[in-house]
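Asks: The primary structure of each chain is shown beneath.
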Amino acid sequence: MNTTVLNTYQELVNAAKARLAEACPENTIRIQVGSATCENAAGALEVWQEFEKSIRTSGRKDILLHRTGCTGRCSREPIVGIFVPGKMPVKYQQVDRDMAHQIFMHHVLGGELMGEQVLDRPDTAPDYQVLVCDAQHCGCCINGSAVETFRQQLAAAELDAKKVQLIPTGCLGFCSMPRAEHTTSVHIRPDNIVYNVKSVEDVARIVKEHLVEGRVVESLVSNETSINQGFFNLYGDVVFFNRQKRIALRNAGVINPESLDEYIQYSGFKALNDVLGKGDPDWVVDQVTLSQLRGRGGGGFPTGLKWKLTRQNVKDECYIICNADEGDPGAFMDRSMLESDPFSVIEGMIIAGYAVGATRGFFYVRAEYPLAIKRIEHAIGVCRKNGLLGKNILGSDYSLDLEIRLGAGAFVCGEETALIHSIEGERGQPRIRPPFPAQSGLWGKPTCINNVETFANIPALFVFGADWFRKVGTEKSGGTKVFALAGKINHTGLVEVPMGATIREVVYNIGGGVAKGKSLKGVQTGGPAGGIIPVSLIDTPIDYDTLGKMGSIMGSGGMIVLDEDDCMVDVAKFFITFCQDESCGKCTPCREGTKRMLEILERITAGKGEAGDIEKLERLAMLVKNSSLCGLGKAAPNPVLSTIKHFRAEYEAHIHDKRCVSRKCKALIKYEVDADKCVGCTMCARNCPVDCISGTRKEPHLIDQGKCIKCGRCFEVCRFDAVNRL
Amino acid sequence: MSTTTTKIDNRAEVLDAARAALTPEIVAFIEECTADEHVHSHLIRVLHKVQGHYGYLSAEQMDAVAQLLQVPTSRVTGVATFYHFFRLEPRGKYMLSVCLGTACYVKGAERIADKLQEELGIHFGETTKDKLFSLEATRCLGTCGLAPVVMIEDKVYGGMEPDQVPALIGKYAKMAQEEKKA
Ligand SMILES: Cc1cc2nc3c(=O)[nH]c(=O)nc-3n(C[C@H](O)[C@H](O)[C@H](O)COP(=O)(O)O)c2cc1C
Ligand code: SF4
Ligand code: SF4
Ligand code: FES
Ligand code: FES
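Listed in order, the protein sequences are those of chains A and B.
Just so we're aligned, residue 7 is where the first sequence starts under the numbering used here, counting upward by one.
Just so we're aligned, residue 3 is where the second sequence starts under the numbering used here, counting upward by one.
No wet-lab data here; the hints were simulated from the structure.
Values in this document were obtained by computation on a predicted structure and should not be read as measured data.
It cannot be assumed that every hint is accurate.
[Claimed, not checked] Listed next, with one range per pair, are the computed distances between beta-carbon atoms: (1) A:N20 - B:D156: 37 to 43 angstroms; (2) A:E28 - B:D156: 32 to 38 angstroms; (3) B:E128 - A:K614: 28 to 34 angstroms; (4) B:E121 - A:P91: 51 to 57 angstroms; (5) B:I154 - A:E705: 38 to 44 angstroms.
Idealized CB from N, CA, C, for every residue including glycine.
Just chain A, with the same shape it has in the complex:
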């Protein structure tokens, strides 16, 4: 053990504690406002200013405004949390300037809850909330269900839902803590106490002593801090969050992304301390191998193995790169992580750098993410000042510094060899592998490239153990995966679930199901390199291997929900258009092949498809897949192949019957006025941009099909359902 490291770290921790205690004395009321690109776009900045003003005018010194990153609950933003000491934390959703003012006057000053605006949970203000873990591997043995036992005991003690609210949750993350076998974790809010219970008697004691009499049952208290205790204390009562398992996102929405002190408060840099304190890079590589962490950037390559290979090749210089190019159009996990918890990515990078022997490190970030760039810049600066980057990190003999390099809007630069060219200041074109970057990368030196999320997992993996990490996932993939849930879903946002969760869980239990009551058609994963998983397969547990078998890939984690109105041929066309645009042009199969595929798809959606087109597409797809140079070309045909595989009938309907079942392809639909339903309100005629609807007031109207441009305005504006889309 390197005692210098341990002491240096301990000093950091003590200093952080002291500063936090001073900044936020015990009786402070805290107002928490999120601040990430999403939140800001939804108006979080104005909300922040309003609170600032209100606090100033109130003259109160015991109210603190606290900035955090985002929780990933995009559709409900901006979210504001109010923490009054001794009271349950309350979160308000979709707050605007006016509401911020109301919240301040009524809740913060007046102590009155504004029920309607509370996130997902109107009307509840119980004295206590009891969060009980009902995840399988927590292995509770109390007659099968701890939740049920609590329910019975609460009923027996005559505590109804108004007083004590019982909330079954997914894994609270407490299973990482050392504790007796077969105990269930229970989290009591607002006291933020965690118990481990193993029998009916334990439950009875907690109900009687804690919930009725208000005394903490010391003998059952767990003194460890769980990985996401901070998170669950804030958001555990919200279904969207409590069915998740947060490792990579453990601090997102909890800490101030610009505060090193707060990061340290939640075990930040403890992993680095352990690693440098131990001083054995091989051990680090072994731990990562043991955890079965696989690269989250899309390929799913075992991270431990990548580190080992890089390490073997190091002679003098060696580089570590964080891939934050996030090119998948419809994914925003990496952005959110960098904006909400940049320190954890940096910590992961330093540990990786130490393990492989890196002498210099780079963040490659896409230029479209200005806030993320700003936050990393800030975090790097803070780390340098505190001896966490630069010479002799934490007093050890390891030195590393990080620099930022910006992308410039080229999807292919996410590919590792293209990315390296881009950092070298060249056109971002890929090259043939081998040699792999681990052998010869940046400036010809061994280079280790990992994704943002991969790095964000590293600190947790060391704090809670490789074994724990592995057990969270499936047999071959350890840990969790963050998905960016978007498209036709009720709750868009970021979702982190253990490997092996099913799409049904994500879409229905967490995402609240398909928007507007429509029916689910499929889920697109993996972005332009992925495929579409039809509704019939949504109960398959997802990890790298199962998704591959279904004709898709995990990819970086974009998950787009498609409903009955989405045409699969059109979606395939969308992705091929994307790949065609983004092909770097270096090799012919990708450059020309995608173009020809696009032409066929355009023909099909324009109603000019011919017999044999599907076979032609399949043949071309296989050719592009097998002979392209880099991953972009190799994967570009996937969306086409997977839609043909699962939705062949749709292609056939387009080609043979000239019909688009989802009524999306303009050339294959027409609009008609139903003379029986039309009351002659003239609404459609007034809205038609090309004036092709005739008819006088109170008479049925008629559409001139020759002139109609199929914009769909008439269909939308008719209040009598008289316009049909056929």
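With the hints as your guide, set chain B with the ligands onto chain A.
Replies: Just chain B with the ligands, lined up with the frame of chain A:
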């Protein structure tokens, strides 16, 4: 017979001209970059800086960058044309970008794009005659939760409907007018 060769060293002149083509801050930034052993690797950063200041990359500026970083002009042009982010022509006062990422696409971004082109009378990559608006398509701004989104300068407008387009454009046109008056 003896031949005399006259050496003309105009390096100082060329460098002075290059410096004059850029702002002092950018020149200082480039000089900082030249301290690195891998000078060339800073090319993209420098181009970001130049575009950040001028709004686009002119031939003159690219030449200047080439001189100061000591890389061939062909390489600067090669890089500038490869990456979508770099613009080689001046842009309008307001940059309008429509997101055509997957999440926005399935939520009807195409209709917003059509409406914008119709209202402004320009296609993607073009600028209106009055030099007020440039229109651009982007792929995912990372705010998919608000899809479909339009970004004007750095302000994001989420949950767009085609109907809202005219008013949005009007708002900025008016802003420009008022600015002019003031
Ligand atoms: C066309 C293409 C685009 C890619 N885009 C990204 C990206 O945006 N982010 C990323 O982390 N990896 C991306 N990758 C994967 C990288 O090449 C590389 O495998 C990854 O960064 C390795 O990190 P990991 O092992 O942690 O996943 C892309 C690959 C290809 C072929
Ligand atoms: S497969 Fe496509 S993107 Fe990759 S090198 Fe070839 S042309 Fe470029
Ligand atoms: S679809 Fe559009 S163009 Fe056609 S009739 Fe309706 S409003 Fe007019
Ligand atoms: S909530 Fe931040 S990603 Fe949307
Ligand atoms: S797809 Fe439009 S913001 Fe992501």
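Asks: Look at each hint and say if it fits the structure.
Replies: These are the hints, each one checked on the structure:
1. Judged by the Cβ atoms, the range 37 to 43 angstroms given for N20 of chain A and D156 of chain B holds: they are separated by roughly 40 angstroms.
2. Checked against the hint of 32 to 38 angstroms, the pair E28 of chain A and D156 of chain B passes, with Cβ atoms roughly 35 angstroms apart.
3. The hint said 28 to 34 angstroms for the Cβ distance between E128 of chain B and K614 of chain A, and at roughly 29 angstroms that hint holds.
4. Remark: the range hint 51 to 57 angstroms for E121 of chain B to P91 of chain A is upheld by a beta-carbon distance near 53 angstroms.
5. A hinted range of 38 to 44 angstroms holds for the C-beta pair I154 of chain B and E705 of chain A, which are about 43 angstroms apart.
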